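Q: Which chain is which? The protein sequence lines are A and B, in order. So the first sequence is residues 1 to 187, counted in my numbering. So the second sequence is residues 1 to 526, counted in my numbering.
Be aware that a few hints might be false.
[As the list claims (entries may be wrong)] Below, a list of computed lysine-lysine pairs in the DSSO-like style, where the Cα atoms sit at most 27 angstroms apart:
no.: 1; chain 1: A; residue 1: K168; chain 2: B; residue 2: K275
no.: 2; chain 1: A; residue 1: K20; chain 2: B; residue 2: K3
no.: 3; chain 1: B; residue 1: K333; chain 2: A; residue 2: K120
no.: 4; chain 1: B; residue 1: K333; chain 2: B; residue 2: K41
no.: 5; chain 1: A; residue 1: K3; chain 2: B; residue 2: K333
no.: 6; chain 1: B; residue 1: K303; chain 2: B; residue 2: K275
no.: 7; chain 1: A; residue 1: K2; chain 2: B; residue 2: K262
no.: 8; chain 1: B; residue 1: K488; chain 2: B; residue 2: K521
no.: 9; chain 1: A; residue 1: K3; chain 2: B; residue 2: K440
no.: 10; chain 1: B; residue 1: K3; chain 2: A; residue 2: K159
no.: 11; chain 1: B; residue 1: K525; chain 2: A; residue 2: K20
no.: 12; chain 1: B; residue 1: K177; chain 2: A; residue 2: K132
no.: 13; chain 1: B; residue 1: K43; chain 2: A; residue 2: K159
no.: 14; chain 1: B; residue 1: K440; chain 2: B; residue 2: K465
no.: 15; chain 1: B; residue 1: K275; chain 2: B; residue 2: K328
no.: 16; chain 1: A; residue 1: K104; chain 2: B; residue 2: K489
no.: 17; chain 1: A; residue 1: K168; chain 2: B; residue 2: K43
no.: 18; chain 1: B; residue 1: K41; chain 2: A; residue 2: K20
no.: 19; chain 1: B; residue 1: K177; chain 2: A; residue 2: K20
no.: 20; chain 1: A; residue 1: K168; chain 2: B; residue 2: K489
no.: 21; chain 1: A; residue 1: K132; chain 2: A; residue 2: K104
no.: 22; chain 1: A; residue 1: K2; chain 2: B; residue 2: K328
no.: 23; chain 1: A; residue 1: K20; chain 2: B; residue 2: K46
Hint data in this document are derived by calculation from the structure and do not stem from the laboratory. Remember, it's a predicted structure, so these values are computed and weren't measured experimentally.
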Amino acid sequence: MKKDIILCGVGGDGIVSVAKIISDAALNLGMYVKQSEIHGMSQRGGSVFSHLRISSDPIFADVIPEGKADIILSSEPMEALRYLPFLAPEGWVITNSDPFINIKNYPEIEKINAELKKLKHCVSFNANEIAKQLHARGNMVLLGAAAPYLEIEFAELEKAIQSIFGRKGEEVVNTNIAAIRAGRDAK
Amino acid sequence: MSKLLLLGDEAIAQAFIDAGGSAINSYPGTPSTQITEYVIKSKEAKEKGVVANWCANEKTALEASIGVAYTGKRAMTCMKHVGLNVCGDPFMNAAIIGTKGVLIVVADDPSMFSSQDEQDSRFYGHWAMIPMLEPSNQQEAYDMVFFGYELSEKLGTPVLYRIPTRLAHSRAGVERKPALPQNPITYPTDPKSFVLLPVNAKRLYRDLIDKQPAFTKASEESGYNKYIDGTDKKLGIITTGIAYNYLLENFAGGKCPYPVVKITQYPLPFNMLNKLYDECDEILVLEDGQPFVEEQIKGFLGKGKKVMGRLDETIRRDGELNAEKVAKALGLKVENGPAVPEVVTNRPPALCQGCPHVDSYEAVVEVMKKYEHGRVFGDIGCYTLGFNMGAINTTVCMGASITMAKGASEMGIFPSIAVIGDGTFGHSGMTGLLDCVNEKANVIVMILDNDITAMTGGQPSSANKKLHNICIGLGVDPAHIRTIEPLKKNHDEFVKILEEEIAYNGVSVIIPQRTCLVELKKHLKK
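Given only the sequences and the hints, what does the whole structure look like? Please build it.
A: Here's what the structure looks like:
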């Protein structure tokens, strides 16, 4: 089994923590993991991305070659489009539909949605709205929505959340687990 | 032992703790910051009494490491590539001394994700004539710290340890080794060895030259450089560091048909490269950085067999290496995904909402509207993003805001304003301010004080809470050291202060003081 996943969004939205949860689950299953992320200047409200590769065989490059990503998981609809050159022919785009507008020339959302509709496999939904009801973060809801495509048992993701957020207390763990369940059941 | 999921940076940090490291002294800089940060936060390091410090700059940090090495203990100093320029002096001279037990970890930033240039630190190591390590993955990054210390102590030399952004900031499973104890304190056996008087230095430089064959022999025999045979001798490939992964990525199961010399240790393994050159028709050099190996292989005249790489732009000379670039160099087909739709616009990094720098820049922009010929000289930090607000005219290197403002002011630029953060001021702004005071330069130095080194994630700023006294100590007239809280409601007062200080012919310092919001949030969470 091998999954190459591009996680993307806007600096500060916590997309890297999603990468950590998937990595942790994969490592627990004895898989190989490589996860590349960006620190420094680009973090400041700019476009950010992380490359996550999980595989039952050894992985070579830390970054996914263009045209090879099985999944693009995006916390923001325009950011999902930015990384399309990485998408494999049968790859899936799973994105939050709620735009994050911190630039003056943000395009009309209809135009972005039209581009998303052109894709062969795309799931676009408002993860922030679901998250708000649960007092959780949108990226966790997105992770839940991506779960069926990851080929990792859902319980393994819950276990990873337990181990990563455990020291922050039971409430944080439960909120995040509720969020990924809501994401899984959405659409 | 189970595997830990670690960034390349963190693998180096954990290995430093496990390999009996005694002290790590560094200055933060992307992509190297997470090494020292990991040791500072490590409970284990604390229990072992490991010293872990953020220093004022890379020079003070490396000199501290040379001091640690003087006691026979294992030291590490980490920095980003441009930091090596700042500590060029101790770096070159640590090599002459033959300082044992020192690893100098330098993280290069090909593609300039968070830097102002793409300089490749291996040229420095070559220049200083010391061994270098360039691991190809996170596990090697861990293992080679142990190896680096052995090498350093055995051969009597500091070791330059080079990683690029993609290794520094990429995670993978890493297996730990059993921990080693720290070295006991020992004094140098040769009392002259740390005294670089010309009479000693001449002998020590000769010693360094005489050590070169041993350095090369270590590169041939350590097992970290490998000759991997292949069936197709039309092409011989040399990879350095992580370039090896980009090569294997292009072949199913990583089975490359061409002979490969995989390099992770320098000086270059002469015998392995000779064999590759003799056996293959052409040579391709893959490096994540500048054409360091390629230049050495090719020679100035480029005679002999065809050597391809970045020099002949078989691979673009600028930008980081990746699997696609390697595929193209090998003549393999690259399958791109869909193009980026035209509707997508750039989302450049920007100062956070509510950032104190924004308020400072709004005052500067308003005042400077009146002075067509005035200029604002910027510096390195989050506030470099003020360029996007039209607030600054220059950014060159750490500390250059103050000294450039002085130089330009002396040529008649008025007003001449420097904008520097508190962290950068502590790093290399103070000496420049002293120059201004000594020459009575007509400049305004704005020290944007947000309490921390924000750009790299909130490390302590060396001049924190001392700025006012430092300026007085350097000789700035206390009447012209002004402090203000940069807030919307204080905008008019800020503008007034700027205008008053522009009217003053001499050195003024304005300190807008408000804590970084990201840092403030961190504290509120605690």
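Q: Would you mind marking each hint as holding or not holding in the structure?
A: Against the structure, the hints come out as follows:
For the hint linking K168 (chain A) to K275 (chain B), the alpha-carbon distance of about 57 angstroms lies beyond 27 angstroms, and the restraint is violated. Only pairs whose Cα atoms come within 27 angstroms are accepted, and K20 (chain A) paired with K3 (chain B) is accepted, the gap being roughly 15 angstroms. Using a Cα cut-off of 27 angstroms, the hinted pair K333 (chain B) and K120 (chain A) holds, with the two alpha carbons roughly 23 angstroms apart. Among the hinted pairs, K333 (chain B) with K41 (chain B) is inconsistent with the structure: their alpha-carbon atoms are about 46 angstroms apart, more than 27 angstroms.
Simply put, K3 (chain A) and K333 (chain B) have alpha-carbon atoms about 21 angstroms apart, close enough for the 27 angstroms limit, and the pair holds. Using a Cα cut-off of 27 angstroms, the hinted pair K303 (chain B) and K275 (chain B) holds, with the two alpha carbons roughly 18 angstroms apart. Restraint check: the Cα-Cα separation between K2 (chain A) and K262 (chain B) comes to about 26 angstroms, which is no more than 27 angstroms; the hinted pair holds. Restraint check for K488 (chain B) and K521 (chain B): satisfied, since their Cα atoms lie roughly 20 angstroms apart, inside the 27 angstroms limit.
Between K3 (chain A) and K440 (chain B) the CA atoms are separated by roughly 63 angstroms; this puts the pair beyond 27 angstroms, and the hint is violated. The straight-line distance between the Cα atoms of K3 (chain B) and K159 (chain A) is roughly 17 angstroms, inside the 27 angstroms bound, and the hint therefore holds. Between the alpha carbons of K525 (chain B) and K20 (chain A) the distance comes to roughly 21 angstroms, so the proposed pair stays at or under 27 angstroms and holds. Taking the CA atoms of K177 (chain B) and K132 (chain A), the gap is about 45 angstroms. The hint is violated against a cut of 27 angstroms.
The straight-line distance between the Cα atoms of K43 (chain B) and K159 (chain A) is roughly 25 angstroms, inside the 27 angstroms bound, and the hint therefore holds. At most 27 angstroms may separate the alpha-carbon atoms for a hinted pair to count; K440 (chain B) and K465 (chain B) meet this at roughly 25 angstroms. In summary, the hint linking K275 (chain B) to K328 (chain B) is supported, as the alpha carbons are separated by about 25 angstroms, within the 27 angstroms threshold. For the hint linking K104 (chain A) to K489 (chain B), the alpha-carbon distance of about 25 angstroms falls within 27 angstroms, and the restraint holds.
Distance restraint check for K168 (chain A) and K43 (chain B): the Cα-Cα separation of roughly 18 angstroms lies within the 27 angstroms cut-off, and the hinted pair is therefore satisfied. This hinted pair checks out: K41 (chain B) and K20 (chain A) have alpha carbons roughly 19 angstroms apart, not beyond 27 angstroms. Between the alpha carbons of K177 (chain B) and K20 (chain A) the distance comes to roughly 24 angstroms, so the proposed pair stays at or under 27 angstroms and holds. Proposed proximity of K168 (chain A) and K489 (chain B) is contradicted: the alpha carbons are some 37 angstroms apart, above 27 angstroms.
For a cut-off of 27 angstroms, the pair hint linking K132 (chain A) to K104 (chain A) stands: about 26 angstroms separates their Cα positions. Distance check on the hinted pair: K2 (chain A) and K328 (chain B) sit about 24 angstroms apart at the alpha-carbon level, within 27 angstroms; holds. About 26 angstroms separates the Cα atoms of K20 (chain A) and K46 (chain B), which keeps this hinted pair within 27 angstroms; it holds.
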